[in-house]
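Using the sequences and the hints given, assemble the complete structure.
Protein chains: 2
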Amino acid sequence: MLVNLIAVLDIDVCGPSMPRVMGVLNEQVHQSGSGWSPVFVDDNLSVMSVGFLLSSPDDAVIWRGPKKTGMIRQFLSEVDWGDTVDFLIIDTPPGTSDEHLSIVQYLKCMNNLQAIVVTTPQEVALLDVRKEIDFCRKTSIPILGVVENMTSFICSNCKQSSEIFPKNTGGAEAMCAELNVPLLGKVPLDPRLAQSCDEGGNFIQEFSDSPATTAFIEIVSKIQGLP
Amino acid sequence: MLVNLIAVLDIDVCGPSMPRVMGVLNEQVHQSGSGWSPVFVDDNLSVMSVGFLLSSPDDAVIWRGPKKTGMIRQFLSEVDWGDTVDFLIIDTPPGTSDEHLSIVQYLKCMNNLQAIVVTTPQEVALLDVRKEIDFCRKTSIPILGVVENMTSFICSNCKQSSEIFPKNTGGAEAMCAELNVPLLGKVPLDPRLAQSCDEGGNFIQEFSDSPATTAFIEIVSKIQGLP
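Going down the list, the protein sequences come from chains Y and H.
Residue numbers for the first sequence follow the numbering used here, so the first one is 555 and each next one is one higher.
Residue numbers for the second sequence follow the numbering used here, so the first one is 555 and each next one is one higher.
Worth flagging that the hints you see were computed from the coordinates, not collected in a lab.
What you are looking at is a predicted structure, and each value in this text was computed from that prediction instead of being measured.
Don't take every hint at face value.
Because identical chains cannot be distinguished in the list, a pair is counted as satisfied if it fits within a single copy or across any two copies.
DSSO-like cross-link-like pairs, simulated, lysine-lysine; straight-line CA separation at most 30 Å [to be verified]:
#1 K662 - K721
#2 K692 - K621
#3 K713 - K740
#4 K621 - K662
The following block contains the structure:
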């Protein structure tokens, strides 16, 4: 089986979550002659985040745009990912500002930069996501698709599925149809997933029975099947 | 009864939600000799947001920090709120960057600038909120307290309360004790609240029976009772 090399770059400079979610909270990055070494979560999975550069995880990163842009430029030019990575996944904060513009500016020379947009079903969230889609179009980034998170909640008591956020305007499905963007999948909220994120566990391996795992696997297959 | 005059300033420049949440999505602001007129939601409640200045609600606001800072400065100096407002509530995006620094810079001369910090119970969210608290401390803004949102979910089928996000590290309560910050309250997730936000309805009036309404009223009383 061919194993892809995956690198994750967390550009949420003021709220980096990747070190915790990936279970490498207390790791540190090292600087060598060939640049910064990212933190390896697994043989084929490495991660870089401003979180690794803080002296305490509670420290605020109080930076205006230009300083954030400088950090992102450094991440893109000075991290030595080792072997050639097959996929670089860039986790951005919400918005359409410095972080997003920096990525477009520095990576626009690559012809395979694509966006995955994540939302929740309620209109207040879709309102922001429509702006993200407009941003991608204005900056000519193809949209791989939209993922709807927190689509439903499986009650831990009666095991019935409830809607957490009523889909007043049809949720991500209606928005995708309206804006002509693929819907990659809908992920139900499983409290064990939030727990896995908090603990940096391997959710798909530990909770293969979860409906969220099924949704993740379907989303990945869909992405792999795209041209 | 003395009625307070409340003004809401939405400085989430790239993702303004206040026009929708307040039910004034299609309103526009007008410019007069005395400045921009905010939109009045009620006799004693006005709101200003970049959302009112967009030609379409789907339009992305693709601005780097300095332009966002300029807009916030304009909001603070050129909005004619009418009578003297008793409370100016500033809704910020997540993070500790341009928007937050601008508010501190422009309003530091006021001796009654205080922060309310909103979180959800899981550690991934608390991680960011600890940074917000560190930001307030480093910029000498007193913290009025912390509100925990989405503390629990009332199943629409069996009416039992479930935890949506497991409190692996004790939730906001443990964080507040650790950082010596008041906990103002915990708001359970009621799907009707998300619906009200989407529709711009008056949740407290329409759903006075909701446990979320009880939580909101307790939080307001607690704030009113603070020195």
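Now for the hints, and whether the structure bears them out:
When the C-alpha separation of K662 and K721 is checked against a cutoff of 30 Å, the pair qualifies neither within a copy, at 35 Å, nor between copies, at 41 Å. For the identical chains of this complex, K692 and K621 are neighbours both inside a copy (24 Å) and across copies (18 Å), given an alpha-carbon limit of 30 Å. With identical chains, the CA atoms of K713 and K740 are at most 30 Å apart both within one copy (18 Å) and between copies (25 Å). Taking the closest pair of Cα atoms, K621 and K662 come within 30 Å of each other both inside a single copy (20 Å) and across two copies (23 Å).
The structure shown violates just one earlier hint, number 1.
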